[in-house]
Each structure stands twice: as structure tokens, then as C-alpha cells.
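Asker: Here is how the chains run, residue by residue.
Number of protein chains: 2
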Amino acid sequence: MPELRKDPVLGRWIIIAKERGKRPTDFIIEKSESKGGFCPLCPGNEKTTPAEVLRYSSTSHPPNTPGWDLRVVPNKYPALVIEGDLDKEGDGLYDKMNGIGAHEVIIETPNHNESFVQLPPERMINVFLSYRERLVDLSRDHRFKYVMVFKNYGRGAGASLEHSHSQLVAMPILPRMIVSELAGSLSYYRYKERCVFCDIIRQETKQEIRVVCQNDHFLCITPYAPRSPFEMWILPKYHSSSYIEQDTRSFQALTAIFTESMLRLDNCIPNVPYNFVLHTSPLRSEPLEHYHWHFEIMPKLTKIAGFEWGTGFYINPTPPEEAAKYLRKLDY
Amino acid sequence: MPELRKDPVLGRWIIIAKERGKRPTDFIIEKSESKGGFCPLCPGNEKTTPAEVLRYSSTSHPPNTPGWDLRVVPNKYPALVIEGDLDKEGDGLYDKMNGIGAHEVIIETPNHNESFVQLPPERMINVFLSYRERLVDLSRDHRFKYVMVFKNYGRGAGASLEHSHSQLVAMPILPRMIVSELAGSLSYYRYKERCVFCDIIRQETKQEIRVVCQNDHFLCITPYAPRSPFEMWILPKYHSSSYIEQDTRSFQALTAIFTESMLRLDNCIPNVPYNFVLHTSPLRSEPLEHYHWHFEIMPKLTKIAGFEWGTGFYINPTPPEEAAKYLRKLDY
Numbered sequence: 002m003p004e005l006r007k008d009p010v011l012g013r014w015i016i017i018a019k020e021r022g023k024r025p026t027d028f029i030i031e032k033s034e035s036k037g038g039f040c041p042l043c044p045g046n047e048k049t050t051p052a053e054v055l056r057y058s059s060t061s062h063p064p065n066t067p068g069w070d071l072r073v074v075p076n077k078y079p080a081l082v083i084e085g086d087l088d089k090e091g092d093g094l095y096d097k098m099n100g101i102g103a104h105e106v107i108i109e110t111p112n113h114n115e116s117f118v119q120l121p122p123e124r125m126i127n128v129f130l131s132y133r134e135r136l137v138d139l140s141r142d143h144r145f146k147y148v149m150v151f152k153n154y155g156r157g158a159g160a161s162l163e164h165s166h167s168q169l170v171a172m173p174i175l176p177r178m179i180v181s182e183l184a185g186s187l188s189y190y191r192y193k194e195r196c197v198f199c200d201i202i203r204q205e206t207k208q209e210i211r212v213v214c215q216n217d218h219f220l221c222i223t224p225y226a227p228r229s230p231f232e233m234w235i236l237p238k239y240h241s242s243s244y245i246e247q248d249t250r251s252f253q254a255l256t257a258i259f260t261e262s263m264l265r266l267d268n269c270i271p272n273v274p275y276n277f278v279l280h281t282s283p284l285r286s287e288p289l290e291h292y293h294w295h296f297e298i299m300p301k302l303t304k305i306a307g308f309e310w311g312t313g314f315y316i317n318p319t320p321p322e323e324a325a326k327y328l329r330k331l332d333y
Numbered sequence: 002m003p004e005l006r007k008d009p010v011l012g013r014w015i016i017i018a019k020e021r022g023k024r025p026t027d028f029i030i031e032k033s034e035s036k037g038g039f040c041p042l043c044p045g046n047e048k049t050t051p052a053e054v055l056r057y058s059s060t061s062h063p064p065n066t067p068g069w070d071l072r073v074v075p076n077k078y079p080a081l082v083i084e085g086d087l088d089k090e091g092d093g094l095y096d097k098m099n100g101i102g103a104h105e106v107i108i109e110t111p112n113h114n115e116s117f118v119q120l121p122p123e124r125m126i127n128v129f130l131s132y133r134e135r136l137v138d139l140s141r142d143h144r145f146k147y148v149m150v151f152k153n154y155g156r157g158a159g160a161s162l163e164h165s166h167s168q169l170v171a172m173p174i175l176p177r178m179i180v181s182e183l184a185g186s187l188s189y190y191r192y193k194e195r196c197v198f199c200d201i202i203r204q205e206t207k208q209e210i211r212v213v214c215q216n217d218h219f220l221c222i223t224p225y226a227p228r229s230p231f232e233m234w235i236l237p238k239y240h241s242s243s244y245i246e247q248d249t250r251s252f253q254a255l256t257a258i259f260t261e262s263m264l265r266l267d268n269c270i271p272n273v274p275y276n277f278v279l280h281t282s283p284l285r286s287e288p289l290e291h292y293h294w295h296f297e298i299m300p301k302l303t304k305i306a307g308f309e310w311g312t313g314f315y316i317n318p319t320p321p322e323e324a325a326k327y328l329r330k331l332d333y
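Protein chains in written order, with our numbering: chain A, 2 to 333; chain B, 2 to 333.
Excised from the complex, chain A in its bound form:
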């Protein structure tokens, strides 16, 4: 079983996933791994993945056979496992916990060569709807406190499979990212009695210099203090702390702005590897006045991401105002 371990100085939790590759030679082999060949996410290969937990389909085929538009399956090499009890334990001054959780793969399209940015709206909206459906379902399991939904695109961003997919990890702790955001936004709220993200949206729509694009429901900006060149945030314009609160029209608008933003990014830096992460309130949390759900999209531009991820100290060579200018010009 995987293990969750806490850094005694920083309080940061780490997943030790022993079941994955671990010996020094594994890292050497991974580098020379070749692309192409068999794809476990393609239609016809349903039996090579664990049984699906969600399936969108316009035809009536049985589960785990072809004919689907979108599938969600448990990760074959999960970082956390679903069965077991949440034992917490000390080890001298250290703290650890059983690695209980869920790790799922959202297979976004049956077409192997259709990348996320190429998904037609009817497929893209399925992706966003499936995130909500899984969040709602997993929130019923009271062992879990948070579900992190994310996508790695391109090997430079950590993707090991070519076929378009995103992932989610349901975990028994709050990740550091959300702990810090909740604390930071609460401290702003206590001082100003306003949501800091709502204030950001107000200032950005007024100044316009960091706006990439927008529609009635959503705003896409390059954030004021971006860690990475061409980093983008997509925020709902109306205050909402939880992703699962959205209605159908909002999902349509999210599909539209996400497609446009990713196309603009791809136009600027063709085929750039990226990660995106959904930032939303903890599972079963009351609506929060101080928190505002959003997506953060981080292009992975190798030379930049040197030691920054280990230190929290970022050097960004592209002012977000410049990045937004490039991103706004579709035919740059």
C-alpha cells in the first residue's frame, strides 16, 4: 500500500508510491522508452484498463467495450489505493498515513490522435461534466478530503501516454496548494470582507492588460505574478467556491473559453507541454465567501522550470502583460 508522509518542517505531505517504478535502473530505462505502439486507452483495448467507473456514450454498448465517447477508469498504477483504512501513525518525530485514495484516468476521446486542444465542443464539455460527476461521487466517501483534478500534456509535462486524458486523485489530506490558497484568501477576506479572486477579476477586467479572452461567464487572464511564461488562469466571473455548483450554461461557457485559451496558447507556442490543475474548495465544504474556484494552466518551458519547483522561487522571463498581448493576437 502506498504511504502518505509529512515533512516535519514544512508540513508538506508526500505520496510514496512504492508500487510504481523505483529502482535506479528504472529511471534510466524510462528515458529511452519509445513512443507509439499499443495504446491501452484506445477503443478495443478496454479490457487492458481496470473496469470503468464512468462512461459517456451515445450508443448502448455494454460497459468496457467500444462505443464510448468518454471513459473514466481507475489508474492501473495508482498513486493511492481505494481499499483499506485510514491508519495514521507516528514514527519518532515523523507522521505517516496509509495511502488511501482514488486515482482515476479520464479518457477524453476515443480518437488516439485527437489532442485536447482539438476536441470539438461536444467532447470538451464531456470532460468538464465528468470532472463534476466524479467529484460528486467521490465526495460521498468520507475518507477523502480533496480531489485534485489535473492534466499533463506532453512528455515534458509528465504525460506518459499520448492518448488525450486527464487524471484525478482523491486524497485523505488537503494538498499544500489548497491549504495555502484557503489561508491566503481567508486572510484577505478578514481584512477587506471581499473575495480576493473577485477583486482580481474586477481589476483585470478594468485594466484589460492581462486579459487573454472572456465570455459572459468566464475570464482568462495571465496572472499578475505568474510562475511560468504564458501561465493562464480561467476564473468564473461570478463568485463560486466550488466547481460542482455550476449549471449547464456555465459548462458550455467553460468549454468555449477553455477551447479558445488553449488554441491561443498553441498558436503562440505550438504543441507546448503544459499542466492544468483545477483549484476548487475541499469536498463537502460549505460555500465559502473567501474562496473562488478556477483553473491554472502552466506551460512547461523547460529551461525555466529549473530549481524553482524545489524552492518556490520563480524567475519568469515573460511579463504577463506581454504574454497576454501575444495570446490575444491569434495570428501572431
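Bear in mind the hints are in silico, worked out from the structure with no lab data behind them.
All figures in this text were calculated on a predicted structure; none of them were measured in a lab.
Do not take every clue at face value.
Since copy identity is lost for identical chains, a pair holds within one copy or between any two.
With a straight-line Cα cutoff of 35 Å, these simulated DSBU-like cross-link-like pairs (lysine-lysine) come out [claimed, not checked]: (1) LYS207 to LYS97; (2) LYS77 to LYS97; (3) LYS19 to LYS77; (4) LYS7 to LYS97; (5) LYS7 to LYS146; (6) LYS19 to LYS97; (7) LYS77 to LYS193; (8) LYS77 to LYS238; (9) LYS48 to LYS326; (10) LYS238 to LYS97; (11) LYS97 to LYS326; (12) LYS77 to LYS330; (13) LYS238 to LYS89; (14) LYS146 to LYS193; (15) LYS193 to LYS7; (16) LYS89 to LYS330; (17) LYS7 to LYS326; (18) LYS146 to LYS330; (19) LYS7 to LYS19; (20) LYS207 to LYS7; (21) LYS330 to LYS48.
Place chain B on chain A using the hints.
Answerer: Quick look at chain B alone, frame taken from chain A:
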């Protein structure tokens, strides 16, 4: 002039270094950049770097000419600049600051093909002595609060030059990494009245399972909750909050343990890209009872470092006890 910007939610500072590459096309070009050719860090090319601020030499050549063993020069493309005033300014809800600071390159050897792990002890000790000398010198400039000393080795870890070098950035703010460490260790100290790092050292030397190697002065361990496979920490065994407090014997011992640790790592995963970062107390700080200086060495194993750097949520496939076992076997 570069700009320091603060994220309004997280309080994280970012350097916007406009002077560096910034257009979308710059990122595309960087990828295809070829290795080899002219090296600005090699002897004979001293005039192509800014004038040296420190030089170790066993012969008496004039500054900025060959004959040196180690040189420290300002970075030609600095993330922060030395001239100017520390203006702080608001921009609506955002905060920014002039990008005042120093960004220097420590050229560790005149030999282009001698990598850090191959440095003979008399060169390696120069590197560690030069860190101290620059820390002491830069602490006289009261605009600076912290000096971050680090090394990127290998393109995968962000190094843009092959010739062995490390870097330092003197900055007018405390980086998030050190703020969190100071806060975390202080909170432990308030509760236990002991330094958390001293407690870690006690437990690790007793348990031995995560010890890579040690000598009279230093301990090298794989930390209990490592972000990266084969992450290593090198800590002085005696309590000390500041790197600059070390005496000569301690520098010899540091040289010995660093060489051994890096050789062991290189033996496990030949030529692995890595970053190391010196964690030490802020400039001009009193000796701190709760803080303990140390080095953190992070191998950069691509498939792992996916979206983790953006979220603070790490999945590590190699338990540190396993890593330590491999690292201890020199002839594995």
C-alpha cells in the same frame, strides 16, 4: 529593470526578468539550441563575462585573465540588478518592487570538461569557501535580505551552460522556501524547545535506514518525505543556523561528504540532472536556536516532476529507505 511581484493570494514573490528571452519564438528556438562551441566560462574568454567579483588563484595573474582556479562573476543576463533603489509600489490590489539584487555565477573550475562530481577536493573546497565569502560580502548591502545559492546540473535541471558552475541570487525579500522553513521550525521549537533538524539528525543516525553516508561533521540522508526519488539532504551534525559560521575543518568535512554523496548518486543514476540549494538563515540574522542550515540535493527525474512544482503535491515512486540502500552500495 526586473520587477518583483507578489501573488495576492499566496504571498509568493516572483521575479519578472524582462531582459531575458521573452517572446513566444524565443522558447521555440531555445529547444533546438546546439551544445558545444564557444564557452564564455573557459579561461581565455574572461573578457566575455562581466568583471570578476572574486578570484581564487595560486598564481599572480591580473584580474580577468587566465590563471585562476575559481572565478565569481555577475551573471550577464541577471534575474535581478545591483544598481537602483528599492522602490515598493502598489498596483490596485497587487504589490511590486524594483528588481534590485545581485545574480552571480561561480565558475568552479577552469577545465571545461570537469563536472562537479569530478572536482578534486582542493577545487571542491574552493566552491564552498567562495559561497561563504560572497555571502559575507553581500550581507553588507542592507538592501538584501537573503542570498540563495544553488546549482543546476544538466539541461534537464535548467543549466544552460555545460561548464561547471553554480549561481547565487541576492534578493530584497525572503523567498517562500525559507519563510516556510523558518515558520515550521519555529513552531516545532516553541512546542518542543528543540531544533527540529537536530531531532531529525538524532533519529536518523539512530535508525540508520535513511543514512547515505556521514563523517564527524556532516550527515547525508534521504529525507523522510522526499519530493523526488533519490533526494538527499546534507546537514551539519552540530547545531548551526548559518552557513557562514563554519570553520576550516568543517569545510573540509563538507567537501568530503558532498563528494561522496554526489559520487554515490552518480553511481546509481549516471549523469542524472540535479539541482542543489543551500538553505541557510537570512542575512545578518542572529544565530537561531530553531533553524539549521543544510543543503538539499534534488535529482531531476523527468517523468516525476510533472505538475508537482505547480501544486506542491508530490508523488514519489521511490521510498527514501530504498533510495538510501541503493546509494549506500557504491558498486550496486
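Asker: Does each hint hold? Answer for all of them.
Answerer: Hints versus structure:
With identical chains, the CA atoms of LYS207 and LYS97 are at most 35 Å apart between copies only, with a shortest distance of 19 Å across copies and 47 Å within one. Taking identical chains as interchangeable, the C-alpha atoms of LYS77 and LYS97 lie at most 35 Å apart only when both belong to the same chain, with a minimum of 24 Å there against 46 Å between chains. For the identical chains of this complex, LYS19 and LYS77 are intra-copy neighbours only, at 14 Å inside a copy versus 44 Å across copies, given an alpha-carbon limit of 35 Å. For a Cα distance limit of 35 Å, the shortest separation of LYS7 from LYS97 qualifies both inside one copy, at 6 Å, and across copies, at 33 Å.
Proximity of LYS7 to LYS146 under the C-alpha cut-off of 35 Å is found in both arrangements, the shortest distances being 16 Å within a copy and 29 Å between copies. Taking the shortest Cα distances, LYS19 and LYS97 sit within 35 Å of each other inside one copy (14 Å), while across copies they are farther apart (43 Å). Taking identical chains as interchangeable, the C-alpha atoms of LYS77 and LYS193 are never at most 35 Å apart, the minima being 46 Å within one chain and 43 Å between chains. Taking the shortest Cα distances, LYS77 and LYS238 never come within 35 Å of each other, neither inside one copy (37 Å) nor across copies (43 Å).
In this assembly of identical chains, LYS48 and LYS326 lie within 35 Å of each other by CA distance neither inside one copy nor across copies; the values are 47 Å within and 37 Å between. Proximity of LYS238 and LYS97 under a CA criterion of 35 Å is satisfied inter-copy only: 25 Å between copies versus 39 Å inside one chain copy. Proximity of LYS97 to LYS326 under the C-alpha cut-off of 35 Å is restricted to the inter-copy arrangement: shortest distance 21 Å between copies versus 47 Å within a copy. Taking CA atoms no more than 35 Å apart as the test, LYS77 paired with LYS330 passes between copies only; the shortest distance there is 32 Å, against 41 Å inside one copy.
Within a single copy, LYS238 and LYS89 get their C-alpha atoms only as close as 40 Å, which misses the 35 Å cut-off; across copies the closest is 30 Å, which meets it. Taking CA atoms no more than 35 Å apart as the test, LYS146 paired with LYS193 passes in both settings, with 28 Å inside one copy and 29 Å between copies. In this homomeric assembly, LYS193 and LYS7 come within 35 Å of each other (Cα to Cα) both inside a single copy, at 33 Å, and across copies, at 18 Å. With identical chains, the CA atoms of LYS89 and LYS330 are at most 35 Å apart between copies only, with a shortest distance of 32 Å across copies and 52 Å within one.
When the C-alpha separation of LYS7 and LYS326 is checked against a cutoff of 35 Å, the pair qualifies only between copies, where the shortest distance is 21 Å, while the shortest distance within a copy is 42 Å. When the C-alpha separation of LYS146 and LYS330 is checked against a cutoff of 35 Å, the pair qualifies neither within a copy, at 41 Å, nor between copies, at 40 Å. Taking the shortest alpha-carbon separations for LYS7 and LYS19, only the intra-copy value of 16 Å comes in at or below 35 Å, while the best inter-copy value is 37 Å. With identical chains, the CA atoms of LYS207 and LYS7 are at most 35 Å apart between copies only, with a shortest distance of 20 Å across copies and 42 Å within one.
In this assembly of identical chains, the alpha carbons of LYS330 and LYS48 never lie at most 35 Å apart, being 45 Å within a copy and 41 Å across copies at closest.
Checked against the numbered hints above, the structure breaks hints 7, 8, 9, 18, 21 and satisfies the rest.
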